[in-house]
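Assemble chain B onto chain A, guided by the hints.
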Amino acid sequence: DTEVTQTPKHLVMGMTNKKSLKCEQHMGHRAMYWYKQKAKKPPELMFVYSYEKLSINESVPSRFSPECPNSSLLNLHLHALQPEDSALYLCASSRQGYNEKLFFGSGTQLSVL
Amino acid sequence: GQQVMQIPQYQHVQEGEDFTTYCNSSTTLSNIQWYKQRPGGHPVFLIQLVKSGEVKKQKRLTFQFGEAKKNSSLHITATQTTDVGTYFCATLDGQNFVFGPGTRLSVLP
Numbered sequence: 002d003t004e005v006t007q008t009p010k011h012l013v014m015g016m017t018n019k020k021s022l023k024c025e026q027h028m029g030h031r032a033m034y035w036y037k038q039k040a041k042k043p044p045e046l047m048f049v050y051s052y053e054k055l056s057i058n059e060s061v062p063s064r065f066s067p068e069c070p071n072s073s074l075l076n077l078h079l080h081a082l083q084p085e086d087s088a089l090y091l092c093a094s095s096r097q098g099y100n101e102k103l104f105f106g107s108g109t110q111l112s113v114l
Numbered sequence: 244g245q246q247v248m249q250i251p252q253y254q255h256v257q258e259g260e261d262f263t264t265y266c267n268s269s270t271t272l273s274n275i276q277w278y279k280q281r282p283g284g285h286p287v288f289l290i291q292l293v294k295s296g297e298v299k300k301q302k303r304l305t306f307q308f309g310e311a312k313k314n315s316s317l318h319i320t321a322t323q324t325t326d327v328g329t330y331f332c333a334t335l336d337g338q339n340f341v342f343g344p345g346t347r348l349s350v351l352p
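Respectively, the protein sequence lines represent chains A and B.
The working numbering puts the first residue of the first sequence at 2, with every later residue one more than the last.
The working numbering puts the first residue of the second sequence at 244, with every later residue one more than the last.
Bound-form chain A, shown alone:
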């Protein structure tokens, strides 16, 4: 199994809603990532979890809250988002992190109304 699975594939939410994005991998990878990608732009790193501990937070607003319940799962909790937060949210994993190839999920296309 070389897949990173993300749910939901599409999400529409209002600015007062609370929602969560989910990501799962069963490759035994110990590093997991959240990236944000706007249309026609490269992915931008948001968070990195290494061995289930948050190791990098790229100055992301607190309305985005990551969680890593175990080594296979990664969540991104969303609250009070703004329309400019609309984007493709990509989860990725790597074997141990740092200098290894990334396996990306197919992403969640988020629209904030």
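Among the clues, some could well be false.
Unchecked claim - DSBU-like, lysine-lysine: derived pairs with alpha carbons at most 30 Å apart:
1) B:K313 / A:K19
2) A:K42 / A:K102
3) B:K313 / A:K10
4) A:K10 / B:K299
5) A:K41 / A:K20
6) A:K42 / B:K279
7) B:K279 / B:K312
8) A:K20 / A:K39
9) B:K299 / A:K54
10) B:K312 / A:K42
To be verified - Label-pair distances were calculated between CB atoms; the ranges are:
11) A:Q110 / B:I250: 23 to 31 Å
12) A:Q110 / B:Q257: 19 to 27 Å
13) B:E310 / A:Q110: 38 to 46 Å
14) B:S295 / A:K19: 28 to 36 Å
To be clear, the hints were calculated from the coordinates, so they are not data collected in a lab.
Ideal placement from N, C-alpha and C gives every residue a C-beta, glycine not left out.
Chain B only, in chain A's frame:
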């Protein structure tokens, strides 16, 4: 942080023509990765280059790392419609990879 430029930003080719995209940095890179993202898809890892002057081939794709480790190139021979997508280079910034702006390739049949 580490930044790279990619040229060209867009490239339109006729099917069967060759295509090259370049990734350039003002500083020495420890290594570089290349990813491909199809329209509506997600980035998929292609290759990682580590050594100065390294050349790696994958079927019609040839990847090269410059001697000074400040640039890299991806060359596709005889493009096919399946090559359509955006090609990103990614460089190590601290402990994680940062993506270049990408080159969007369209192939006309």
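Now the hints, each set against the structure:
Distance hint between K313 of chain B and K19 of chain A is unfulfilled; the C-alpha atoms sit about 44 Å from each other, more than 30 Å. Under the criterion of a C-alpha separation no larger than 30 Å, the hint pairing K42 of chain A with K102 of chain A is consistent with the structure, at around 20 Å. This hinted pair does not check out: K313 of chain B and K10 of chain A have alpha carbons roughly 37 Å apart, beyond 30 Å. Note on K10 of chain A and K299 of chain B: the hinted pairing is violated, with a Cα-Cα distance of about 35 Å set against a maximum of 30 Å.
Restraint check: the Cα-Cα separation between K41 of chain A and K20 of chain A comes to about 25 Å, which is no more than 30 Å; the hinted pair holds. Taking the CA atoms of K42 of chain A and K279 of chain B, the gap is near 13 Å; set against the 30 Å cutoff, the hint holds. Straight-line distance between C-alpha atoms of K279 of chain B and K312 of chain B comes to about 21 Å, which keeps the hinted pair within the 30 Å bound. Using a Cα cut-off of 30 Å, the hinted pair K20 of chain A and K39 of chain A holds, with the two alpha carbons roughly 19 Å apart.
Between the alpha carbons of K299 of chain B and K54 of chain A the distance comes to roughly 35 Å, so the proposed pair goes past 30 Å and is violated. Restraint check for K312 of chain B and K42 of chain A: satisfied, since their Cα atoms lie roughly 25 Å apart, inside the 30 Å limit. Our hint of 23 to 31 Å for Q110 of chain A and I250 of chain B holds, since their Cβ atoms are close to 29 Å apart. Distance hint check: the CB atoms of Q110 of chain A and Q257 of chain B are about 32 Å apart, inconsistent with the given range 19 to 27 Å.
A hinted range of 38 to 46 Å holds for the C-beta pair E310 of chain B and Q110 of chain A, which are about 41 Å apart. The supplied range of 28 to 36 Å is broken by S295 of chain B and K19 of chain A, whose beta-carbon atoms lie about 50 Å from each other.
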